[in-house]
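Number of protein chains: 2
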Amino acid sequence: MNEKIRRSPCPIATALDVIGDKWTLVVVRDILGGKKRYGEFLDGPERITTNILAQRLKYLEDEGLVLKFAYCEHPIRYEYELTEKGRALTPVLDALKAWSIEWEMKKDPGRAAGCPIA
Amino acid sequence: MNEKIRRSPCPIATALDVIGDKWTLVVVRDILGGKKRYGEFLDGPERITTNILAQRLKYLEDEGLVLKFAYCEHPIRYEYELTEKGRALTPVLDALKAWSIEWEMKKDPGRAAGCPIA
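Line by line, the protein sequences are chains A and B. Residues in the first sequence are numbered consecutively from 1, following the working numbering. Residues in the second sequence are numbered consecutively from 1, following the working numbering.
Take these hints with a grain of salt, some might be off.
Listed next, the in silico DMTMM-like pairs over lysine to aspartate or glutamate satisfying Cα-Cα at most 25 Å (straight line) [said to hold, decoys possible]: (1) A:K85 x A:D62; (2) B:K22 x A:E79; (3) B:K22 x B:E61; (4) A:K107 x B:E61; (5) B:K22 x A:D62.
Everything labelled a hint here was simulated from the structure, so no lab data went into it.
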């Protein structure tokens, strides 16, 4: 693992140092929802780009949130699984989802229909 | 309020569109912890810069998470309060804190001692 940047002793700021961006938890959501492979992650409603996806998967590995396993050797292809530390983010995703449904989706109920995990 | 960018119908991605960065929830944490004024926000262990703080406070207002009130007219000075939508982020902060204490702080218990809300 890389040396990690942590701004302060506050656990909230520390959590945001790790997962405080717009994409990391989207990939965690996808793996919790059953996706394992690169092409599956690309095929989400957020249209993540290959550059961002490759960078986020590497980052998730470096942070100990994800493990990868080769499922094909020629050419090399990987499947991704959450570690225990990664699965432990489930309550964070649940809290984000509950807040969003209450405070964003009720203004526009039609939007929630296309959610992969709603 | 500005027109908002929302990537997908997923409530998790939508929540991250709003608060998926390293600073927004740090300011929400400070207001929940009793801070109200610009100088108080600057005085945290994360050493937020004036540029980022001014931009985050404006953003929090635009997203309907914070209201400001003038407490001094000459020169004009504001106090900031969370809206109901902003206070409703408390379970997100609680989940981030619990995850961080379990998965980041136990590796380095001394760090947690300086936390403003631990």
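We went through each hint and held it up to the structure:
1. For a cut-off of 25 Å, the pair hint linking K85 of chain A to D62 of chain A stands: about 12 Å separates their Cα positions.
2. Distance restraint check for K22 of chain B and E79 of chain A: the Cα-Cα separation of roughly 29 Å exceeds the 25 Å cut-off, and the hinted pair is therefore not satisfied.
3. Restraint check for K22 of chain B and E61 of chain B: the C-alpha separation of about 17 Å stays at or below 25 Å, so the hint holds.
4. About 18 Å separates the Cα atoms of K107 of chain A and E61 of chain B, which keeps this hinted pair within 25 Å; it holds.
5. Of the supplied pair hints, the one linking K22 of chain B and D62 of chain A holds, its CA atoms being roughly 18 Å apart against a limit of 25 Å.
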